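Enquirer: I would like the entire structure built from these sequences, with the hints used as guidance.
Those letters in the sequence shown? Residues -30 to -1, 1 to 463, by mature numbering (1 follows the signal peptide of the UniProt record, and there is no 0).
I should point out that these hints are in silico values taken from the structure, not numbers from a laboratory.
For clarity, every value in this text was computed on a predicted model and none was experimentally measured.
Glycine included, C-beta positions come from ideal geometry on N, C-alpha and C.
Misleading hints may appear alongside valid ones.
[To be verified] What follows is a set of in silico ranges between Cβ atoms, one per label pair, in the way DEER data are often shown:
(1) SER435 x GLU80: 36 to 44 Å
(2) ARG368 x ASP109: 48 to 56 Å
(3) LYS394 x GLN289: 47 to 55 Å
(4) LYS99 x THR268: 36 to 44 Å
(5) ARG371 x GLU408: 17 to 25 Å
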Amino acid sequence: MKRTTPLLPNKYLRTIFALALCWLCTIANAQTNSSHLTLSYCIDPDWMPYEAIRNGEHVGISSDYISLLAASTGYQLELFITKSWQESLESLARGDCDFIAMLNKTPARERTMVFTDTFFTASNVLVAKTGTNVVHGYDAMDGKVLAVVRGYRHDEYINRYYPHIPLVQFDTEMAAIQAVADGHADVAVGSLLAVNSLIYTHGLNSLQVIGLAQPHDMLRIGVSRRLGQGTSTFPLSSNELVARFNTAIADISELQHVQIYRKWNNVKYVERTNYRVFLWPLASVLLILFGVIWRNRTVAAHNLKLTRANAELERLQEQLVEKNRNLEFLSIHDPLTGLYNRNFMLQRAEEAVNAFERFKLPVSLIVMDVDRFKSINDKFGHSVGDRVLVEISKLAQRSLREVDIVSRWGGEEFLVICPNTDEKEASVLAERIRSRCEANTIPPVQVPITCSFGIAEIQQGDDFSSWFDNADKCLLRAKSEGRNRVVCNDDIG
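Expert: What follows is the structure, given as structure tokens:
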């Protein structure tokens, strides 16, 4: 019988096997130890109560969220100290830090960062001197000089969408607000919590909030796109790290969110009065000395009463501000989904109609309705139906752009206003929401929850009623053609 010769000698096979085993062990060790790796992050060093650096330490709302993320992921998250917000952005671009802890997503920032899901939302406001008329958005800012913080989202947003508004840039929100107080600018834009803190802390009683400023803050983590590439030693790519951060963010309970908000929003400012004791010359007559002592005791008692009264008034004022803030939020938001409600959307729709008549820029309306929602309620109960509406609203928010305004219009129906968007572009947004809803299942409903969409672009001479009717007709057409589809006004025109 003829003997066959092996392709490779046994000693070479053993060597190749040993090298392969070492390679697999290296990968396993890297995956096992990945949770013990160190990441550096930057923050805005002067943006209380959101975040700041005090005595070399990270404080504020984002510090508590960073602690939760570190505990959830097992990573060592170390602060890279900077002196300004602009320096923090530049440090991320240079690779000095791996991510920024709390910021808004913008088109410019998306070139250098990948963003997590939103973990904190807050309103932005316009601030001016006391007595200034209320301003309904940037469209009413004609002729006014606006103070913004250099590098903040509003700096980029206003330059893109309202280039006619004259801007003055500052390094911090305090500097922007102070410029209004000093008469160097007419209006400043800033975060509601930060503005309230600065006005009370610095006693800027000559200033007041005169309106809301869109868009509101939807704060996220921004991870450098350089992570996991080139000279980076981190074993995960930026997208993989964002996915892990998103998992950790999703695990944060509602109670933890509320506790963090209360911790940093419950700031009390106590007025302290310094009492000085005046010493009379030793040569003063004893009768005059007794008179001074009696007078000082009387004044001290009176001042103590005033101090207590001021403290009580201050406490009541803080409670009133907090209640007004809660009432303002509830007045414009849907309590179930957290989206804007019908009343707020009617106001924004009228503003969109007025803006179209003035600037002739395209604006589209999307009417969205959950398919067969009544059968879900009947089969699984209203609590499951509510969960479906909450999940659908989250999918819609993640699918839309920052400039788009989404609301719960009523029941299972949602409304989206898309500024500077024609019908074709709006259909792309609607299709994105539709496909994501179709691909998503919500326990215990084990089948995809689908939605139907009607789209109409505003036309010359339309008021909101006719504009909405056109979109609603498209929605009815989508329902009649089998649901789970997008129908535009041009399709049935």
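Enquirer: With reference to the structure, classify each hint as holding or not holding.
Expert: Checked hints:
no., hint, result
1, SER435 x GLU80: 36 to 44 Å, "holds (37 Å)"
2, ARG368 x ASP109: 48 to 56 Å, "violated (28 Å)"
3, LYS394 x GLN289: 47 to 55 Å, "holds (51 Å)"
4, LYS99 x THR268: 36 to 44 Å, "holds (39 Å)"
5, ARG371 x GLU408: 17 to 25 Å, "holds (21 Å)"
Violated hint: 2 only; the structure is consistent with all others.
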